[in-house]
Structure formats: structure tokens, C-alpha cells
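Assemble the whole structure, with the sequences as input and the hints as a guide.
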Amino acid sequence: MPTLAREDVTDDEVRAYVRAACDAQGLVLDDAGLDRVVEVFARNARIAAQVLAFPLPEDQDPAAILRLD
Amino acid sequence: MRRATEIAESVRSGAVTALEVTEAALATIAARDTAHNCFTTVTFDRARREAESVDAARRAGKPLGPLAGVPYAVKNLFDVAGLPTVAGTRTRSLLPPARDDAELVKRLTQAGAILVGTLNMDAYAYGFTTENTAYGVTHNPHDRKRIAGGSSGGSAAALAAGMVPLSLGSDTNGSIRVPASLCGVFGLKPTFGRLPRTGSYPFVANLDHLGPFATSTADLAISYDAMQGLDPADPACAQRPVEPATPSLSRGTGELRVARLTGYFDDWASDTARAAAQRAADSLGAVAEVELPEVARARAAAFIITATEGGTLRLPELRTRYADMEPHSRDRLVAGALTPGAWYVHAQKLRAWYLAKVRELFSRFDVLIAPSTPVPATEIGQDWLQLNGQRIPLRPNLGLFTQPISCIGLPVAAVPIEGVSPLPIGVQIIAAPWREDLCLRAAAHLERLGIAKARIVPDTAS
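Listed in order, the protein sequences are those of chains D and H.
For the first sequence, my numbering begins at 1 and goes up steadily by one.
For the second sequence, my numbering begins at 1 and goes up steadily by one.
Don't read these hints as lab results, they were simulated from the structure.
Each hint should be verified, as a subset may be incorrect.
Only some residues are given here: those of chain H computed to face chain D with a beta carbon under 10 Å [what the hints assert, rightly or not]:
{"hint": "1", "residue": "Arg12"}
{"hint": "2", "residue": "Phe192"}
{"hint": "3", "residue": "Gly193"}
{"hint": "4", "residue": "Arg240"}
{"hint": "5", "residue": "Pro244"}
{"hint": "6", "residue": "Phe303"}
{"hint": "7", "residue": "Ala307"}
{"hint": "8", "residue": "Arg319"}
{"hint": "9", "residue": "Tyr322"}
{"hint": "10", "residue": "Asp324"}
{"hint": "11", "residue": "Arg330"}
{"hint": "12", "residue": "Val334"}
{"hint": "13", "residue": "Leu355"}
Residues of chain H placed beyond 10 Å of chain D at every Cβ, according to the derived structure [said to hold, decoys possible]:
{"hint": "14", "residue": "Glu6"}
{"hint": "15", "residue": "Arg144"}
{"hint": "16", "residue": "Pro247"}
{"hint": "17", "residue": "Arg332"}
{"hint": "18", "residue": "Thr339"}
{"hint": "19", "residue": "His346"}
{"hint": "20", "residue": "Phe365"}
{"hint": "21", "residue": "Gly381"}
{"hint": "22", "residue": "Val457"}
Even for Gly, the Cβ is constructed at its ideal location relative to N, Cα and C.
Here it is as C-alpha cells:
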């Protein structure tokens, strides 16, 4: 099964995920709300594709940057 | 409205009392805010009490703080004792009032400043336009049909409208720098971890910064200096001593190595924004043009981190109060809360990689120059922008140039540039972590040259 983080992700693919994920998180949306969230999530998925396509070094420190000193 | 440093000097010398200054500010707010909608609360009683306290201290011969008698206001995500911390939302307005002030409010009070109110913002600080459904749109004082920028829109517009000389805002992805640019005032987004966030409502803990707006670099520096210092209550606050920036303002830019950011920043800038950055760079004697590595991907990483953390933080509210939440942001919060963990972790790794690469640039340059916004203020309700040959959504993309800088915590002075546009537009002066002094020093130099200047609307300037 392909990842959703793709430039060519479709609304139908996203809708299935969003519906299941909302159920898992206890979020209740009506049809109009679901449509809006699908649109946003699909945009996020295309943006995530840019991030995930970048080949990071295997030992890249995953720590969040909380201190710069 | 005079500058903060001038007001404080007048109060210290006895030329005017803090109460007189405060009453004048309250009267100005009453007269002008109906047109601009910057304030969500005006703290009349508290302001008068604080002013009387400053005046009593002077009469008693006690030393007065560096901001004695200076009226200021704060974005309404700062705790103010006795008020609910609404963070731009209707749902939070029903919560009990804050029992104590935010740490930065305490520090400004200690410095003698007078809190006159709280300011409008995008709900949850998730936006760049301050088009707020619950509290109304904040209008740009330079053209009421246009946005003030956001999310700290009230903080910038209150200065541009001449209502206060100083305000506080927050900046997660550009929320100080974007409204500073569109309203024509100065702002400072300090290094991540420099100023404590205790008592402010979070948006994205990994990216949230707090900082001041002012109408001059001297005011920016003196307020920033007054707010520095350790705070064990904020786990992100650095264990660093106070490093005052004010003494550096007069040092000029003689030996500073300045570069202008190109590539992505040129590609996505309007002619106006590009001209502003070029003018600032030329005036600072820029020696080079450089590109940031993988800057578009870094911005994408910031976008994913923001969506994920911002949405996750509000899951309880999304489960129970979705219908009452801000329509401009609630669907983005839901989508963010559903982000797969692997996306978030990869975004954090990319962010760490990008920070290391950008830090290398500071071995060659002291400050970097980039536009703050791709365009001057757009019209209220506008949905789209035409940039780089593409039609793109306006609201997320006002942060095109700010997100790739704040996502790695670098300090930035947001500086209004004169002479390139009828409407205000600003640039970012960016330095290595903990070098706010360099940002402000370069900004002060531009101000002395007349290249940088705050714009206060003519019919309200005094």
C-alpha cells in the first residue's frame, strides 16, 4: 500500500484515512467538515512528500531543537 | 504617541507624570480603536493603578525603571491577572481568569511600564491575517481595507495607529515579523529560548517565541533588555546571562559581514519585497548574495511540525467544542492532529540537519538580509496571491520568508524599509543564535540612514 505522502495523492485515499483516524482519535465531523479536513490533509500530505523525499543521513539526530547553546 | 525611551525620560525627569501619559494613551485608544479593532480589552483601572505607583515611587525618590510610565499592550495570549487568556478564541473566553501575569508582563511592570490592554490576534496564533471570527478583523491603519498581518496583528496595528509605543507578540512561524512588515513597525523575534514563555498560551512549543514591537530600534532594544533573564519555569528558556543589546546600537556596521539571501527568497518575492531587501542590503554594505540549503523543504518541515503539534495540543477541544472553534483554523487543527508520527519525526530530523547547515553560513557572515513578507498588505478577505508565476493561497504563504528562519530559532529584527512602496514593507535582519545585538545594531544603522523608519498613520501622529 503506498504512503499518503505523495504529490499525486487522491482525495479518495485521504478520505479513507481521515475517516479512520478521526474514529481512532474520537473526533466527530459531519460530511461538510470531513470534506474540508480531507482537503487540508491532502495538502499536508503533498507538503510531507517534500520532507520525506529528502535523503537524510542515517545517523541524523532526531531530537527536537529545544536548545541552541 | 512619542517613543518609549522619550516617554520614560520625561517621566523620570518629572516633565510629565506617568498618570498623565497613561490617561492620554487611554483617551487615544478610546478615540481610535473603533476604526482599527486592535484591542480586545482595555485595562483602565490597572493602568491607572500602575501609573500612580510609578508616580509615587518618583515622589519618594526611588529609582525608576527604564520603561517608567511607558504604556504598552500585549497580544491576548499573554496571561494578565484577572482576565481570561483567550488566545483569540471564543471557547477560551469562558475559562477562569488568569491568577497571575505572564513572566514577561511581570518583567515589564518591574521596568516601570504600564499595561493598558490586550490585543487581537488570529485564533490560537494559527494565521497570518488577524481575520478573527470571534473578535473581528484588525484593520491595517495605513489602509483600513487591508489586513494588519498576523497572528500578532493587534500588536503591530496598535503601534501604527499611534495608540501605544510598545507591545508584545508571539512568533511561531512569522507572527511578529509578518504584521511588523505589513504595518510598518519594528519587531524583534529573539533566539528560541532567549525570552521565557511562562504564562503565555502555547501554539507549538517547539517553535514558539515571544518578543516586542516598537517604533524605533532603541525602544525595541530597551524593552528586550528589560525582559531577558533566566526562568526555570520555562523548560526551553536558555541558561544564559542577560546580554544587553542597547549598548551595541551606536556601534555602526563597519566590520559587519552582510549577505543578502537569494534563490528562494528572490523567486517568491514581489518586486516590492525584493527591492526592500536589496535596499537594506546595499545600505548595510552587503558583500555577498547567498542561498540557504534546502530552504523550501525546511519550510515544509516547519509546516508539518506546526500542524502536528498545533493540532495535537487542541485535541481535547476539537473532540468537544469543534462547532464553537474558529472556522479559519479548526479544520487545519483536525488535519494536523491526524498526522502520521513518521512524518513528524522526519520533519524534526530535517530541521536539525538544516540548522547545522545554516549555522555554517555564520562563519562567513554576521547578518543575513531577506524580505519579511512576499508582498505589502493585501485586502481583507483576499484568498489568493500571484507569485513566482503561480496562483497560491494567500493565508499560509504570507509566512513564506519567515518560516524557514524561525523554524531553527535564529534571532531576527523585523525592520520597516522606506522608499520602496506606498504601503509599508519590511525586511528581516537575521543573525546567528544569541546575536540579537547584531540584528539590532544593523537595524539601528538603517534607521540612522533614514532607510528604516516606523510609519505611524499621519492623521494620528503626534
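Hints, one by one, checked against the model:
no.	hint	verdict
1	Arg12	violated (35 Å)
2	Phe192	holds (6 Å)
3	Gly193	holds (6 Å)
4	Arg240	holds (6 Å)
5	Pro244	violated (17 Å)
6	Phe303	holds (5 Å)
7	Ala307	holds (6 Å)
8	Arg319	holds (5 Å)
9	Tyr322	holds (7 Å)
10	Asp324	violated (13 Å)
11	Arg330	holds (8 Å)
12	Val334	holds (5 Å)
13	Leu355	holds (6 Å)
14	Glu6	holds (34 Å)
15	Arg144	holds (30 Å)
16	Pro247	holds (21 Å)
17	Arg332	violated (5 Å)
18	Thr339	violated (7 Å)
19	His346	violated (5 Å)
20	Phe365	holds (18 Å)
21	Gly381	holds (18 Å)
22	Val457	holds (36 Å)
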